Amino acid sequence: MAALAFLFTACDADKNEIVQEQQIDMSDFYVYTDADSDEAAKSDNKKNASKSCASMTVLNRQLNENPGLAKKMYNIELHTRKFIAGKGKPTKPGGGGGGGGDSDVDVAPIEDNMGVIDIPVYIHIVYPDASTKTISNEQVTTQMATLNADFRDKNTDQLPSGTTFANDATDAGFSFSLAGTFRHDDSKSSWGTNNSVKADYPPINPETHMNIWVCNIGGGILGYAQFPGGSEATDGIVLGGDYFGNTGGPYGAGRTATHEVGHYLNLRHIWGDGRCRQDDFVADTPSSNSSNGGCPAFPSVSCKTADMTMNYMDYTYDNCMYMFTDGQRNRMRPLFAQNGARAAMAGN
Amino acid sequence: MKFSLLLLMLLSLKSCGSTNAIMSIQENTMQKLSGLYSVTTLGKNNTLAITPEINFDENTNRVSGFSGCNRFNGSYTITENNITFGPTASTRMMCGEEANSIEHNMFDVLSQVNSFTLKNNELTLLKDKIVLLIAKQNNDYVIEYTAASRGSYQQININNQTVSIISKRGGSAKAKTCSEADWEKLITLINTIEIEKITELEAPSKRFQFDGAAIARLTIKHKDSTYETNSFDHGNPPKEISVLVKEILSIGENIE
Chain A
1 MAALAFLFTA CDADKNEIVQ EQQIDMSDFY VYTDADSDEA AKSDNKKNAS KSCASMTVLN
61 RQLNENPGLA KKMYNIELHT RKFIAGKGKP TKPGGGGGGG GDSDVDVAPI EDNMGVIDIP
121 VYIHIVYPDA STKTISNEQV TTQMATLNAD FRDKNTDQLP SGTTFANDAT DAGFSFSLAG
181 TFRHDDSKSS WGTNNSVKAD YPPINPETHM NIWVCNIGGG ILGYAQFPGG SEATDGIVLG
241 GDYFGNTGGP YGAGRTATHE VGHYLNLRHI WGDGRCRQDD FVADTPSSNS SNGGCPAFPS
301 VSCKTADMTM NYMDYTYDNC MYMFTDGQRN RMRPLFAQNG ARAAMAGN
Chain B
349 MKFSLLLLML LSLKSCGSTN AIMSIQENTM QKLSGLYSVT TLGKNNTLAI TPEINFDENT
409 NRVSGFSGCN RFNGSYTITE NNITFGPTAS TRMMCGEEAN SIEHNMFDVL SQVNSFTLKN
469 NELTLLKDKI VLLIAKQNND YVIEYTAASR GSYQQININN QTVSIISKRG GSAKAKTCSE
529 ADWEKLITLI NTIEIEKITE LEAPSKRFQF DGAAIARLTI KHKDSTYETN SFDHGNPPKE
589 ISVLVKEILS IGENIE
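Those protein sequence lines, which keep their order, are chains A and B. First residue of the first sequence? That's 1 in this note's numbering, and the numbers climb one at a time after it. First residue of the second sequence? That's 349 in this note's numbering, and the numbers climb one at a time after it.
Simulated from the structure, these hints should not be mistaken for laboratory data. All values reported here derive from a predicted model rather than from experimental measurement. Note that the Cβ used here is the ideal one computed from N, Cα and C, for glycine as well. Hints are supplied without guarantee of correctness; some may be wrong.
[To be verified] Derived coverage of chain B by chain A (criterion: at least 3 residues anywhere in the stretch with Cβ under 8 Å from a Cβ of chain A; other residues may be distant):
(1) 496–509
(2) 546–560
[As the list claims (entries may be wrong)] Straight-line C-alpha distance at most 30 Å; calculated DSS-like pairs for lysine-lysine:
(3) B/Lys516 with B/Lys533
(4) A/Lys304 with B/Lys569
(5) B/Lys380 with B/Lys475
(6) B/Lys516 with A/Lys304
(7) B/Lys587 with A/Lys72
(8) B/Lys587 with A/Lys71
(9) A/Lys188 with B/Lys516
(10) A/Lys304 with B/Lys545
(11) B/Lys594 with B/Lys571
(12) A/Lys188 with B/Lys594
[Claimed, not checked] FRET-style restraints, in silico, Cβ to Cβ:
(13) B/Thr472 with A/Lys304: 44 to 54 Å
(14) A/Val301 with B/Cys443: 34 to 44 Å
(15) A/Asp106 with B/Ala529: 50 to 60 Å
(16) B/Lys594 with A/Gly218: 12 to 22 Å
(17) A/Thr132 with B/Glu542: 49 to 59 Å
Whole structure, please, built from the sequences with the hints as guidance.
Written out as structure tokens, the structure is:
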């Protein structure tokens, strides 16, 4: 109930913040549980009782399922924005998703003095035959190599001519070190996306280590993640074995992991999961109407500007995505600063 | 409604007694009055310069529409094959002479009619067996459902002629004829929702944000307007459209 009340008063809380300290605009923020604070407040005000009740029911159910999650995610977002603002950068990372306008928004990387942040990784391989016959050691090695490359390289040489994205491509400043691999034989052939693999093979030290489960997911899902702020018991990412490390085919270069680690580090899909006006909270990614797939020729235009289809947070083929932006970097790193959701991972 | 239509047709069967009439009984008993109709004939005029529209809602017994110049709404009552319209409320705009004349005739007709027939999407309103108005049900809907994850893509397009499915991004469509029964089912379901409001529906879950579900959207095009839902999880649509989505997916599945 407290969390619910919080949602409805979020806007007022913002106003207080403004008076007290730096201006942190949270008005555009939404959480994944459901109706964002804005919409919840709107439906609360509506005369139409049945609609209001319907969204209340949904909101109540989800908050009951995971009390405090909405508040946790809000606090993480507020911490992120305060941290970035404290480094003298704009506090409202709208822009790119604000409905068109200037497509060439340049964000400077923040100076956080955290250097390259190392994330230790546990890998749980769960298959009927979980031996190297199914998932080879080479897959593990190449997957780690891909993560280490993608979170350090700018890959500006791969950018198509005519883009203004070169100054956005960034060295995100993360490295990944393998802390252990566990192989579990399990006859279950398809695990879905409801976290059941994590329940059967719980994460190890999720507060200090990133856990990766490799299993067959099914249903056309290559991998899925959990945003920071979620339960520790399910913290980590899940990848289908066919898309883990260097395998074959359009998703055979290990970039499913890069995309899911992006979510694990608080990144949203580059199109903001909605139409042009829905933002990914990152200023230097152009607004986009929906996901892109395959290997689009440049420019692939939506919302009047070229989409950044080569960003890891789009849905394109592995070999056709190769960059994070400075804005995305700035969004990931505050998690590891003092009071950040993953601070323990960096010893802060 | 079905019952009264059946009675109506039995009556007409008695009077002409042809085998064609028997065929049309079966069709007509399926048809529902709910929906939007465009007026094609008003009194003796079948070359209307402006097309009035009537929208029936069987759930509330309300009628609304466009009378040539203004928008109107009111109630109607049906007993067996008889229909009467209650007083109508209307906006009060002035239009040109032609529009005013059509509007005047519309209200005149609605106040006089006392029976109706509904056959092959054509509604006829009569006064003592004299035809005063003929209207065609407007079902030029185009339905589009897409669901995409990073590893899968599905797009189903349905109109009153064709069902087509695209199962790969940018891929070509497989198509088949949309059966009358399927189309009738879809129109019935569409008539139970307010399509203008699907753009406001909130997804009950948003697992698509972290790839836990394919991201889905439903688009309904009608006349010159396009109504598109917000993104929702494939497999868990907003409850207002869940039966419709289930039907779309089921029609789409049967194509292969």
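Comparing the hints with the structure gives:
1. Only residues whose beta carbon comes within less than 8 Å of a beta carbon in chain A count, and the region 496–509 of chain B has 6; three or more means the coverage holds.
2. Residues of the region 546–560 of chain B with a Cβ under 8 Å from some Cβ of chain A number 11, which satisfies the need for three, so the listed coverage holds.
3. This hinted pair checks out: B/Lys516 and B/Lys533 have alpha carbons roughly 27 Å apart, not beyond 30 Å.
4. For a cut-off of 30 Å, the pair hint linking A/Lys304 to B/Lys569 stands: about 23 Å separates their Cα positions.
5. A threshold of 30 Å between alpha carbons decides the hint, and for B/Lys380 with B/Lys475 the separation of about 21 Å falls inside it, so the pair holds.
6. Proposed proximity of B/Lys516 and A/Lys304 is supported: the alpha carbons are some 25 Å apart, at most 30 Å.
7. For the suggested pair B/Lys587 and A/Lys72, the alpha carbons sit about 28 Å apart, so the restraint of at most 30 Å is met.
8. Restraint check for B/Lys587 and A/Lys71: the C-alpha separation of about 26 Å stays at or below 30 Å, so the hint holds.
9. The suggested pairing of A/Lys188 with B/Lys516 holds, with an alpha-carbon distance near 28 Å, which does not exceed 30 Å.
10. Distance restraint check for A/Lys304 and B/Lys545: the Cα-Cα separation of roughly 26 Å lies within the 30 Å cut-off, and the hinted pair is therefore satisfied.
11. In summary, the hint linking B/Lys594 to B/Lys571 is supported, as the alpha carbons are separated by about 24 Å, within the 30 Å threshold.
12. Only pairs whose Cα atoms come within 30 Å are accepted, and A/Lys188 paired with B/Lys594 is accepted, the gap being roughly 28 Å.
13. Separation of B/Thr472 from A/Lys304 is about 49 Å and conforms to the stated range, judged on CB atoms against 44 to 54 Å.
14. For the pair A/Val301 and B/Cys443, the beta carbons lie near 42 Å from each other, so the given range of 34 to 44 Å is met.
15. The hinted window of 50 to 60 Å between A/Asp106 and B/Ala529 holds, with their beta carbons roughly 57 Å apart.
16. Between B/Lys594 and A/Gly218 the beta carbon distance is about 20 Å. The supplied range of 12 to 22 Å therefore holds.
17. For A/Thr132 paired with B/Glu542, a C-beta distance near 57 Å keeps the hint of 49 to 59 Å intact.
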